[in-house]
Every structure is written in structure tokens, then in C-alpha cells.
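Residue numbers (the numbering used here), protein chains in the order written: chain A, 202 to 426; chain B, 641 to 895.
No lab work stands behind these hints, which were simulated from the structure alone.
Heads up, none of these hints are tricks.
A few chain B residues that face chain A, going by a derived Cβ cut-off under 8 Å, partial list only: (1) Lys700; (2) Arg705; (3) Ala780; (4) Val834; (5) Leu836; (6) Ile837; (7) Leu838; (8) Phe878.
Every residue gets a Cβ at the ideal spot worked out from N, C-alpha and C, and that includes glycine.
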Amino acid sequence: MSEVQMIVVLSLLGGALSVDATAALQVMLSQPLVAGSIAGVVVGDPVLGLVVGSTLQLIWIGVLPVGATPFPDGAVAGSVGVGVGAILAGSGVSEGLAVAAGTIAGLTAGVVGQSVTSHVRRLNVGYAAIAESRAQQGDARGVRAAVALGVATRFVTASLLAAALLTASLLLRFLGSFTVGGVFPTVLWAAPVAAAAITIGGKGKKEIWFLAAGFAVGLVLVVSS
Amino acid sequence: MTTDSDRETAQVLTRGERAGMLWRSLLLQSVWNPLGMQNVGFCFAMLPLLRRCGEDREAKSAFLRRHLGFFNTNPVLASYVLGAAAAQEVAGAEASAVASVKKGLASPVGMAGDALFWGALRPLAGAVAVLLALQGVVWAAVALLVIYNVPHLVLRVRGIGVGAVAGPMGARELLGPRFRGAVRWTRALVAFAVGLILARAVASGGVVEPRRVLAAGLFFVLAYAAARARVPVTVVAFGGAAAGLVLLLTGLNGG
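With the hints as extra help, turn the sequences into a complete structure.
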């Protein structure tokens, strides 16, 4: 698969899975580990997908949609992150660096996707108005049309975002922006630490004991294996 | 197998109406907007009942408009509200009664659903799947989907039935100590699983590396303080990457 084909497939994948985040289903297909795993199979490097997807999943483990603030876009993050990793791995940088750069690209994609979601929601105001004006005449077709438009807009905007970010990463590669060796892996071991801090930092005071218990059991398992 | 509660539900809603509301409820947030929030999605999910208005244009218009009113709750447990609102419609309740059922249920059901699904089950499914991924399990994502979706789909289906039979009282089962206990224990499991993941992160190749533990400890304190101060986690993650850059440039990271 050429790089251009890969970008097209990953963009459509990110767009389709992103629909799950708000517009439809909410069966967690939009979680970064799910999107990353599928993207890993698409680019022919399932391990890359697992690592980038897991790291993003951990970083956002405690994120809640507070009020009207949407989640970071895990679907676009997973597919863009894995895509950037694959583009770099294919151009000869070390596997570790490709993974780390992919993770950072995924973080960026997730945050940009979050703000795209907010903009899409403002477009939805117009679709809702269509539903309401038709409803005045006792016509339900406006409601059905608004639902279809809402889902389609979500798919298109998320796909375009993924395509834009993946294309940008091709350009960045030409500029040699990812050549600072050894920097990016830091974010990888930092992810479990951040997840631990966030798990007990939010509210649960008693949960620190469960975290400590898990940590202790895990240490015993790791050291004894 | 037909249970008693199935038969009771069938008296209120036909099987086709229930099935129609169920799949449509998956699109509850399709037109999520800052003004009406889930209003269009709620109306869409109620469309199977529009037929009961007959061909009267006024009745259909009133039905659509009352379900296009502001609505916002947790998307999974919205099924309890849909069921209760459907029961009101079938019983021919006044528009104001239907509206007050929706309004009264939206907030408590939303809080219960957000606590269980966003605050507990989604992190649990993610943490367990990451643990599997760390063991090199390629289908870790499938575990995430199964752990989350079994309770998700059960409560989505159940909510419509319970709401249709018991009306607003059906949501009581979401507000009791058993439900809160389930949320608490699920959150405890999340913390345990994250602890396991953390242990794997500071120990590599079966050996606990003191330098890694020290660095992790330092970063933990910073990240914990950031979480308490409500700094967005993505900022913390970028901060971790920036810290790595500084360590590298000053030659302190030791490889």
C-alpha cells in the first residue's frame, strides 16, 4: 500500500470510528485503543497500533465530558497516531522513535478533534432548526433529515481532519522535524504514571489503596516472571 | 422465553415499537447541539409512536414539537426516560405531564449514567485492555468492547422495558445503594488495574530499575498536583514530553 493510499484508508477509518464518539452508538469503537488496533492492522504493523493505542488510552483514562465539553477525539487520535508512526517507521527511523512520535501526533489529533467536535455541534443547531420547522407542519421528515445530516457531518469533518494531519506529517518528515533522537520515548513511560495520578487525583480517596494493591501485585508478578 | 415483564411491556408498547425505539436510541446524540442538546435525537427515538397519532396533522405536529424540547441526559440510560415518556404517550397523558416526566428524570438518570459509564466502566474497559496489550495480546481492543458493551446493551434494552411498565418509578433502580455500590467497586477495580500497569512501567525485564522509580515518582507528584489543580491531562502528557526533551538536551536522562 502506498503512503497516499494509507492516508486515504486511515482518514476514512478515523472518520467512521469518530461517528461512534457522539453521533451514534457509543459502543466505544471510538476509543483510541480500538482505533489504534484497527489502524495497526491497516498499516501492517499491529504492534505499533497496540502501543500507540494503549498509550493514548492511558493518557485519557480519566477524562470526563464535563458539561458540554466533548471528549478528546480518540478515533482520529488513534488512526492519525498510528499513521504517523507507520510513515516514520517506513522512512527508516527507529521503531521506538516512530512509536513515540506517533503518540504525540495522536495527542495533538485528539485535542484538535475535540475542538472540531465543538464546531460541528454549532452546525447541528441549523439541522435542529430544520427538524423544528418541519415539525410545525406535523412532518417528521425534518427530524430524520437532521439525524442523517448530523451523522454525515461528523463523518466528513473527522475524516478531513485525519487526512489533513496525516498529510501534514508527510510534509514535516521532509522538514526532518522528528530527528531529535530519544526525546519521544519519555512520554511512553510517563503515560502510566499520569494515568495513576489522575485515577486517584480526581476524587476517590479510598482508591489509592486499590492502586497501591494493584501496584504491589504487579511488581511481584513482574519481578517473579 | 417470554417473562412476565416482557408481557407487561408488550401491553404498553408493541414489539416493533420497542425495537424501533431501541435502534433509534443509538442515534440520540446525532444532532447534539448547544441549544436543545439531545432534543432531535430524543424526538427521532420516539418516532415509532407517531403512528398512534393517526393522520391528524395537528396531533402529529404537537407530538413532534413536545419531543423536540430541550433534553439532555446520559445516552445509555436515556432508555429509561424514553420508556417512561412512551408510557405517558400511550396512556394519552397531557403534554405538560410528558414534559415533566422527561425533565424530572433527565438529571438523576444522567448523573447515574455518567458515573457508571463514563466514570467507571469506560476506564475499566480501557485499563483491562491496556493490561492485555502490555502482555502482547493482539485482540486487547476486543476485550475493551466486550467489557463495556455487555452492561451497556443490557441497560439500554432494559431501560425501555422498565420505563414503559413502571414509568418514572422505573429509574429508581438506578438511584439506590446497590447501583452506587456497583459504581464504587468498578472504580476500585480501575485503580487496581492502573496499579498493575504502573508496576509494569517501572520494572523492565523482570528488574525494578531504581532510576526509573525515582523519575516516575517525581513525575507522579507533578502529575498528581496537576490533576488536583484540574490541569487537562493532555497538557500533563505534553509536559512529560517536554520534560523528556529538557533531560535529553541537558544530558541527564542517561539514555
